[in-house]
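Asker: Protein chains in written order, with my numbering: chain G, 5 to 101; chain E, 83 to 430.
Since the hints were made in silico from the structure, they are not lab data. Fair warning: this is a prediction, and the values are worked out from it, not measured in the lab. All residues carry an ideal CB built from backbone N, CA and C; glycine is no exception. Treat each hint with caution, since some may be false.
Claimed, not checked - Restraint-style ranges between C-beta atoms, simulated for each label pair:
#  : chain 1 : residue 1 : chain 2 : residue 2 : range
1  : G       : K67       : E       : E342      : 54 to 64 Å
2  : E       : L392      : G       : G72       : 48 to 58 Å
3  : G       : N42       : E       : V123      : 41 to 51 Å
4  : E       : F183      : G       : E23       : 46 to 56 Å
5  : G       : D46       : E       : K181      : 16 to 26 Å
6  : E       : G171      : G       : L64       : 49 to 59 Å
7  : G       : K22       : E       : R243      : 46 to 56 Å
8  : G       : D95       : E       : T177      : 37 to 47 Å
9  : E       : Y334      : G       : K82       : 56 to 66 Å
10 : E       : L338      : G       : E23       : 40 to 50 Å
11 : E       : A245      : G       : D46       : 55 to 65 Å
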Amino acid sequence: MGNRPIKFRILELFLDGKEYWNYEIVSKIQQEYGMNSNYGRDSINFDIIELASGGMLKDLEQKVDEGGIYKKDFLLHKYVITDFGRSRGSDACLRNA
Amino acid sequence: MDLKTLKKQESKRKISKGYMWALFCAVFWGIWYLPGTVVWVLNPFDNMLSAITTTHGDATALVVTAVLITAFNALTVMLALILWNGVLGKFGELTRTLKEFNPCSKWFFLASIFGGPVAILGSFIAMGFIGGAFAAVAALLYPVVGSILAYYWYGEKISKRAAMGIGVIIIGGITIFGGGLLTEISSGNVPWIGYLGGLMAAAGWGIEGAIAGKGLDISEPDAGLTLRFLGENIIWWIIIVPILAIFGFPMYSYALQAFEPLTLLVLIFAGITFGFCYVCWYKSFPLIGVGRGQGIGNLYGLMAIIFIFLFFGNVPQWTILVGGALCMIGSFVMFTEETSALETLRGE
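Can you make the complete structure from the sequences, with help from the hints?
Answerer: So this is what it looks like as structure tokens:
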């Protein structure tokens with residue numbers, strides 16, 4: 005069970021500098037925090053959208069969710085952390101690491 | 083369905099939801115000036131004001147009464163937000179965020195110092211001394227304070243366009259404050275404290291915004307805002323109200339008298355409208371961008387004037403109307419330039 009604020013954990017996952025699809029992050033957080041409902045899924049995805057709009061993640065590419073891996077016929081987004089996200093993320097997340 | 087139509091659909095959905103949240107914010111914020119004005123004539127605040135006036139004079143009585151009103155406002159806002167977090171199932175996130183003092187909570191508590199004892203107290207003082215329309219419109223100056231602070235603090239550049247917007251807002255501000263002052267100077271009776279309250283509202287919210295952003299960008303706003311009001315409650319109920327009581331003001335006896343149905347109803351109304359205006363504001367940012375969110379949120383000035391007219395039948399002085407219009411035009415000029423968020427949303 006996750007014990008840090010969800011956005012901290014999301015940034016922490018991105019701190020390795022790799023690109024991730026939103027469904028990869030969402031399902032990982034859902035598992036860690038026990039938020040398996042659709043509501044939990046959408047609320048985690050909104051956190052990602054907020055981080056992107058705050059300039060901490062960058063939306064790199066989109067594709068259609070044809071197989072229903074996340075939400076059928078919706079868009080999937082691929083993100084990478086920005087420099088600003090890296091500095092905010094390491095302030096917040098790596099303190100206890 | 084192809085990628086292009088889906089992208090369009092998604093961005094349409096985001097933008098219409100974002101505008102909806104921003105508009106809700108403006109409506110709630112505007113309505114807040116109704117209970118804020120009404121509460122002054124309700125007991126115990128009415129009695130408190132006149133009792134302290136006889137012992138300590140006008141100005142002290144007003145500020146002390148405003149403190150108690152603001153403290154109750156903070157309390158009802160926090161209750162409304164806790165309920166909100168409960169409905170959203172976010173108590174867990176609330177606790178997790180609270181524990182992160184250094185990166186997060188610290189900023190919320192700091193923000194609450196400027197939001198509460200400066201901005202909200204100032205607004206109540208302006209409402210009590212001059213009137214709701216003035217209080218609402220005076221606070222429209224807050225983006226000026228916010229951007230000047232950001233310029234000195236994080237070296238954020240002020241573009242030509244933003245400077246133009248700031249200029250228009252300042253002219254609006256001079257109209258709002260100057261217009262009222264001129265009439266009152268000629269009548270020889272200037273409610274200085276009321277004007278000071280208006281300035282406190284603008285400065286306080288400008289500073290609060292700049293500080294709170296540092297914590298809010300890495301936490302969930304629903305949880306963050308609740309903590310910001312937790313901070314404000316601590317300031318009022320644990321620090322300022324007891325200090326005033328020690329100085330001999332009968333804070334607690336009046337506070338206990340507030341548990342009267344009508345007064346309580348008005349206070350709860352204030353808490354709900356104020357709490358949700360903050361929540362809606364932050365919900366709109368990721369969807370339409372901070373700039374547009376704030377620009378539309380600032381329509382609260384117009385909403386406040388409309389609601390005050392509908393419910394109290396007061397038409398504000400023409401200087402307030404003209405000044406308020408200038409401030410709103412200025413905030414649109416200033417904020418709508420920041421299109422990055424919308425551009426990526428619309429990116430084809």
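Asker: Does each hint fit the structure? Answer for all of them.
Answerer: A quick look at each hint next to the structure:
no. : hint                         : verdict
1   : G:K67 <-> E:E342: 54 to 64 Å : holds (60 Å)
2   : E:L392 <-> G:G72: 48 to 58 Å : holds (49 Å)
3   : G:N42 <-> E:V123: 41 to 51 Å : holds (48 Å)
4   : E:F183 <-> G:E23: 46 to 56 Å : violated (32 Å)
5   : G:D46 <-> E:K181: 16 to 26 Å : holds (25 Å)
6   : E:G171 <-> G:L64: 49 to 59 Å : violated (31 Å)
7   : G:K22 <-> E:R243: 46 to 56 Å : violated (37 Å)
8   : G:D95 <-> E:T177: 37 to 47 Å : violated (21 Å)
9   : E:Y334 <-> G:K82: 56 to 66 Å : holds (58 Å)
10  : E:L338 <-> G:E23: 40 to 50 Å : violated (59 Å)
11  : E:A245 <-> G:D46: 55 to 65 Å : violated (40 Å)
When each numbered hint is compared with the structure, violations occur for hints 4, 6, 7, 8, 10, 11.
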